[in-house]
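Trainee: Everything in the sequence shown is counted per the working numbering, starting at 1 for the first residue and increasing by one.
In short, the hints are calculated from the structure, not lab data. Some hints here could point you the wrong way.
Unchecked claim - Restraint ranges, calculated between C-beta atoms of paired labels, are given here:
| # | residue 1 | residue 2 | range |
| --- | --- | --- | --- |
| 1 | Ile390 | Gln423 | 27 to 33 Å |
| 2 | Glu435 | Gln406 | 54 to 60 Å |
| 3 | Glu22 | Leu341 | 32 to 38 Å |
| 4 | Arg152 | Leu376 | 32 to 38 Å |
| 5 | Pro487 | Thr467 | 20 to 26 Å |
| 6 | Arg7 | Ala312 | 24 to 30 Å |
| 7 | Asp94 | Leu379 | 50 to 56 Å |
| 8 | Glu25 | Gly374 | 45 to 51 Å |
| 9 | Leu379 | Gln423 | 32 to 38 Å |
| 10 | Phe338 | Gly214 | 52 to 58 Å |
Heads up, the beta-carbon is just placed ideally off N, CA and C, and yes, glycines get one too.
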Amino acid sequence: MPTFDQRLVTLLTLKGTQTDCELFEAAVAERGWVVLQAPSGPAPLVHRTEMAYVVEVRVRGARIGALSGTRSQLHTLADRLGLELSVSIVELLDRDTEGTNTWNVYTAPPLDPAAGFLRRWWYTRALAWGLREGRRQVRAGLGVDALPLARRALPGVPAAAPGASVFGTGHSGPFPLRRLTRRRRVKVGLLTVALLACGWLADDAPVLALVMVGLATALCVVCVRAARSRGESLWDGVAMAGVICVLTVGFSRLNEQRNQVPPELILTAAGLLVTGGGLVLLLRSLAWRIWLPWLVPALLPVVLVLFPGIGAIVHAYYLVHFGFDLEDVDIPMTGQVFASLKVVVVMSLWLVAPAIWGYVTHFHRSVENRWAYGTLTALLAVGTFLLGPIQFVMAPAQATAIQAAQTAEDGGDVAEYYGIRPQWVCVQPVVPAGELPGMGGRLNPRDHYLMLGDADGEVALWKARETLKLPLSQVRVIPWPVAAGEPCPAAG
Numbered sequence: 001m002p003t004f005d006q007r008l009v010t011l012l013t014l015k016g017t018q019t020d021c022e023l024f025e026a027a028v029a030e031r032g033w034v035v036l037q038a039p040s041g042p043a044p045l046v047h048r049t050e051m052a053y054v055v056e057v058r059v060r061g062a063r064i065g066a067l068s069g070t071r072s073q074l075h076t077l078a079d080r081l082g083l084e085l086s087v088s089i090v091e092l093l094d095r096d097t098e099g100t101n102t103w104n105v106y107t108a109p110p111l112d113p114a115a116g117f118l119r120r121w122w123y124t125r126a127l128a129w130g131l132r133e134g135r136r137q138v139r140a141g142l143g144v145d146a147l148p149l150a151r152r153a154l155p156g157v158p159a160a161a162p163g164a165s166v167f168g169t170g171h172s173g174p175f176p177l178r179r180l181t182r183r184r185r186v187k188v189g190l191l192t193v194a195l196l197a198c199g200w201l202a203d204d205a206p207v208l209a210l211v212m213v214g215l216a217t218a219l220c221v222v223c224v225r226a227a228r229s230r231g232e233s234l235w236d237g238v239a240m241a242g243v244i245c246v247l248t249v250g251f252s253r254l255n256e257q258r259n260q261v262p263p264e265l266i267l268t269a270a271g272l273l274v275t276g277g278g279l280v281l282l283l284r285s286l287a288w289r290i291w292l293p294w295l296v297p298a299l300l301p302v303v304l305v306l307f308p309g310i311g312a313i314v315h316a317y318y319l320v321h322f323g324f325d326l327e328d329v330d331i332p333m334t335g336q337v338f339a340s341l342k343v344v345v346v347m348s349l350w351l352v353a354p355a356i357w358g359y360v361t362h363f364h365r366s367v368e369n370r371w372a373y374g375t376l377t378a379l380l381a382v383g384t385f386l387l388g389p390i391q392f393v394m395a396p397a398q399a400t401a402i403q404a405a406q407t408a409e410d411g412g413d414v415a416e417y418y419g420i421r422p423q424w425v426c427v428q429p430v431v432p433a434g435e436l437p438g439m440g441g442r443l444n445p446r447d448h449y450l451m452l453g454d455a456d457g458e459v460a461l462w463k464a465r466e467t468l469k470l471p472l473s474q475v476r477v478i479p480w481p482v483a484a485g486e487p488c489p490a491a492g
C-alpha cells in the first residue's frame, strides 16, 4: 500500500528563532514531508523573526478535504511544538499512482471474418477480463497512455507489432466500471445506492426509492461525462446503469408477493458494503496494518477454541424462562456453532463505529476535531456493542421462550431453537414413587411433559410452569405426542 495518496505544496511563515526552525524541520522530516525551500540565511539565535518555508506535504486520504486537512495538520503540528506558524498557500499537485490501471498487452491474431457474433464477443471479453494471459503488462491511467508503453522495445526484447492492443483489467479486478473510474469506492457506492433503492421499493416507500434511483442515475451521468472528457469508452457506464436498473426492478418485482425478499436483508447488504468500505479505508490508514497477515493466523487457534462458547448466552436466556440452566441441558455442537455465529454477527455491529472513523479519516475530518469525532465514535462503538446483544440476542431468546411456553400450554408442538429440541414425552418411574429423587414438583405418570433435554444423567422436564429434574436411571422416558389426544399409559 502507498505511504500517501495526495501530494500538496504549502507556503507557510514561521515566526521564531533558530531552535524553532530546527524543531519544525525535524518534525517535517519525521513525517516524510520535504522542505522544498528554506530561509536563505540562518535564523537568529535569540530574536524571533519571520521565515518563509515551502513544504511538500504527503497525506493519505481522498482529494476531497485534502486542502483543509493539510492546513489543519500544519496548525496542529505547530500547536504541539509550541510554534507560531501561519499557512498562506496550500495547493494540490497530484495523487499517488496506486489507483493507476493495469493493462494487459496482446498481439491479438485476427479472427476469421466468418466467425459469429458470440464468438467475436467472447474473444474480446476474454481479453478484456484477463482470462487470457498477455505477453506484457503495463501501468497507465488511460489506454492511449498504455499503447506507447505496450509497443516500447526493451533490451533483448523485440518491439511489439503495430497492431498490438491493450485491455485494462484495473487494479481492482474485472468490473463493468473498470475503465470509467480508477477507484473501487465509486463502484461500491453505485451498487450500494442501488441496493438501498431496492430495499425502499420492497418496503413500500416509492418516493425514497425514486430519489435513490435518481441519485444513482446522476452518479452514472457524472461518470459517463468524466469518461467522455478523457476519451474513454462509454459502454461500461451504460453497463453499470443497466446493472442498477436490473437490481432495482428485479428486487421490486420479486417482492410483489409479500415476504419473498425481506427489505431488512437488502438494507443489511447495503450496510455491509458501506461498513466494509469504511473498514478498508481505516486499515489502509493505519501504520501497523502490515502486522495483520501475521497476527490473524496467530489468533486463529484461540478463536477456534473460544468460538463455540460464545453462543451460550442464546441458550441461557431461552432456558431460564423454563427454570433451567445451561448445565441442565446438553446442547449439540451444531447448535452451539450456529448460536455462536449469531452472536458474532450481532456483536459485529460495533464495527460500524470504526467504519465511520475510517470515512472521517479518509476525508481529513479527524485532524482538527479529532477529540470530538473520536468521542462520538467511541460512544457509538460502546452503544452498538451493548445494544446488539441486548436487542438481537437476549430479547429474541426471551421472546421465543415465552412463545414456546405458550404453545406448550396450548398443547402444541414446540419448534427447535439452536439445538434445543423440546419434545412431548411420558415419564414412568422404574422405582417406587417415594424413592424417586429429583428437583422441582412431583411426578405424575399420567401427565405429558415437555422434555427440553438431558445432561449428566438427569432429564429436564417442564409442564404448566412446573420444572422437574429426574435421574434417567430411575425413569423411563417415552415419546408421546400430545396431538394424539391420548393420556400417558399407566406404569406397568
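Trainee: All the hints need checking, so say for each whether the structure fits it.
Mentor: Going down the list of hints, with the structure as the test:
no.	hint	verdict
1	Ile390 <-> Gln423: 27 to 33 Å	holds (30 Å)
2	Glu435 <-> Gln406: 54 to 60 Å	violated (35 Å)
3	Glu22 <-> Leu341: 32 to 38 Å	violated (57 Å)
4	Arg152 <-> Leu376: 32 to 38 Å	violated (52 Å)
5	Pro487 <-> Thr467: 20 to 26 Å	holds (22 Å)
6	Arg7 <-> Ala312: 24 to 30 Å	violated (53 Å)
7	Asp94 <-> Leu379: 50 to 56 Å	violated (38 Å)
8	Glu25 <-> Gly374: 45 to 51 Å	violated (29 Å)
9	Leu379 <-> Gln423: 32 to 38 Å	violated (46 Å)
10	Phe338 <-> Gly214: 52 to 58 Å	violated (41 Å)
In terms of the numbered hints stated before, the structure departs from hints 2, 3, 4, 6, 7, 8, 9 and 10, listed from lowest to highest.
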